[in-house]
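Chains A and B supply the protein sequences, listed in that same order.
All residue numbers for the first sequence refer to our numbering, where the first residue is 1 and numbers rise by one.
All residue numbers for the second sequence refer to our numbering, where the first residue is 1001 and numbers rise by one.
It should be emphasised that the hints constitute simulated quantities derived from the structure, not laboratory data.
Note that CB positions come from ideal geometry on N, CA and C, so glycine has one too.
One or more of the hints may lead you astray.
[Stated by the list, open to error] Here are the computed distance ranges between Cβ atoms for each label pair:
| no. | chain 1 | residue 1 | chain 2 | residue 2 | range |
| --- | --- | --- | --- | --- | --- |
| 1 | A | Ser232 | B | Glu1052 | 22 to 28 Å |
| 2 | A | Ala41 | B | Gln1080 | 40 to 46 Å |
| 3 | B | Asp1039 | A | Lys253 | 19 to 25 Å |
| 4 | A | Ala102 | B | Thr1033 | 57 to 63 Å |
| 5 | A | Gly21 | B | Ala1027 | 37 to 43 Å |
| 6 | A | Lys253 | B | Ala1027 | 29 to 35 Å |
| 7 | B | Glu1017 | A | His124 | 25 to 31 Å |
| 8 | B | Glu1009 | A | Glu173 | 57 to 63 Å |
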Amino acid sequence: MTGSKILAMGHYQPSRVLTNGDLANMVDTNDAWIRDRVGIAERRIAEGETVADMAAAAAGKALANSGLTAADIDLIIVATCSSVDRCPNVATRVAAKLGVAAPAAFDVNTACSGFSYALASADHAIRAGASRNAIVVGAEKLSEVTDWSDRSTAVLFGDGAGAAIVTACAENEEPGIGPVVWGSAPELNDVIQIEGWRPYIKQAGQSVFRWATYSLPPLARQVCEKAGIEPSELGAFVPHQANLRIIDPLARKLGVVNAVVARDIVESGNTSAASIPLALSKLLERREVPSGAPMLLFGFGGGLTYAGQVVRCP
Amino acid sequence: MTSRAEITEGLAEILEEVAGVNPGDVAEEKSFTDDLDVDSLSMVEVVVAAEEKFGVKIPDDEVQNLKTVGDAVSFIEKAQA
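So that you can see chain B by itself, here it is in the shape it has in the complex (with noise of 0.2 Å):
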């Protein structure tokens, strides 16, 4: 089990590596498109980087849902429970 706390860090990693984001920047009401600029592509990119770092499977159907950072924690912290 990993704390949200912990999945929003594993995050931030992930997008400083593929989109370039500050790791600062990430906090679970920021949006990933409107508040860290990452496009819908990049977003599959984090999405299979997320799926190896925590073991966890993220549909393409689910990937449209995942709005904020929160939304993407609560996803990886449901499918790992």
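Pulled out of the complex, with its shape left as it was, chain A reads as follows (with noise of 0.2 Å):
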């Protein structure tokens, strides 16, 4: 079975940018309670763009960067958890836009932990023999899910999209995308929610803070485990953007001290399933991480759900 590497990335975030003060005139709070709390110094909010228009610019980059083309492509995965339409998904409506002819299209929803669901779907159908050359998507607009005057949720999310491209490995290359780890904690199934029809984001902040810090070091080492990788031979490290107080503690229990770690929480806030994609886009566009090392991608949120994988630097 050949395995799959990523061949490229791209990513997309709407130009209008929403500072903690924007938000200290909307709700209760401040900029120095946001950013000890959660870290976030200010994000981007889409204005006309859907979900889709975000996935196909963000999947257009990434394509234009693989030197591929539309024609190449025959299969699209779309992680996200706040697109409003049911039907259709948004993966046909990013092959439409670049002009894939027909591809399998099909979203993955496991909200934060998406894009690692999604990454490990294309590789599997890739392995299968199934897919040649697959665009992964995360992607959300979670403003529009928001509640605008809960000063416990409206300072943490942000929208954007980021995408990978994935393509077969030649024979006997060594794989560029290592196996996943994924799983769930479905007893925890309530304490984040985007339930009914016109629904807003709730959680229960201290529940999923606990199950992230205290459950999750040990699935992340699992996942280096499996790829036969040292977490200190990463080179970089790009977890879900949820929470700085969760991103540092976890790169510091698992001991990855040589590697990059994706702080893009910081510019962009949360983004659900976006956040892996978009980080790690800007990471590689700024050339931060050498080109070959093993980079650790690990996604947990609603659901509760966790998914990560080891994967190469294209």
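Starting from the two chains in their separate frames, assemble the complex, guided by the hints.
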């Protein structure tokens, strides 16, 4: 079975910046409180853009960076939990916007862990021979499901998209996407909710923080073990951008001492399924990680769900 | 069985490690948030460390009722009994 690898990344963020100061004019909060609790300084908010618009923009850039064309793509997977339309899905809209003729196209919803689930699904499809070249996107318009009068959640979220072009490895080439560790904690499935017809995000912050802080380090370590990599060998660690007070301790407990740790949350907020590909695309754009270096991606969130894999830097 | 004073002392050690609270400031009447400046996320870390140290379970729903050090001491004392 031939493995797969990430060929290129791309991302898109809306141009409108919402600062902590702007939020302080909307709800009872302030810059110091937000920076101290979650580490966010600002986030981007979509205006006219839909989830599909942002997904297609990120995917288009990734495609341009990869050297492939729309005609090469046979699979599109979009991870999102904030697309309001049930049908058509976002993946077929991305296909239509990019002019990809007849791809297999589906959405994945595991909230904030979505990109790693989607990436694993693309890797598995390629290994099974069902695809050669895939587009994998994480895209969210959380501003549309945010209650802007709830100060406990309004400060957290942002909009954006990131995308990867995933392609089959050559014969005898080392796989560039390692085995996935994925799972969920269904007994906690009420601690993060976007429920109902015109829903808003609600979360039991302390319960989520407790789970993230104490259950995730061993799972992230398991991803490295499955890939046969020591955490100290990682060139980059790109966890879901939920909270700096989750990210930094997780990095410390794992011992990723030589890795660039993604901290895109500072300028992007929590963009759920978009946060990993968005942060990763920016790291690559700034050439912060050497080509070939192992990078740990680790998503976690609503469900509660988690998924992660070690990938090779393109 | 651990005495109230011993539980308070144990909590002071945890508070120092997790949130940098001066152990001399820790007393039963002190409020975690107002007096000791322990925010809601640090409180989760305190609770998990206390569960380990005292061999008790402190459910998420209970955490919001633990306003003062004394509340926590009473809960742990009862849970150990």
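Hint by hint, here is what the structure shows:
1. A:Ser232 - B:Glu1052: 22 to 28 Å: Distance hint for Ser232 of chain A, Glu1052 of chain B holds at roughly 27 Å.
2. A:Ala41 - B:Gln1080: 40 to 46 Å: holds (44 Å)
3. B:Asp1039 - A:Lys253: 19 to 25 Å: holds (20 Å)
4. A:Ala102 - B:Thr1033: 57 to 63 Å: holds (58 Å)
5. A:Gly21 - B:Ala1027: 37 to 43 Å: holds (38 Å)
6. A:Lys253 - B:Ala1027: 29 to 35 Å: 32 Å Cβ-Cβ, so the 29 to 35 Å window holds.
7. B:Glu1017 - A:His124: 25 to 31 Å: violated (43 Å)
8. B:Glu1009 - A:Glu173: 57 to 63 Å: holds (59 Å)
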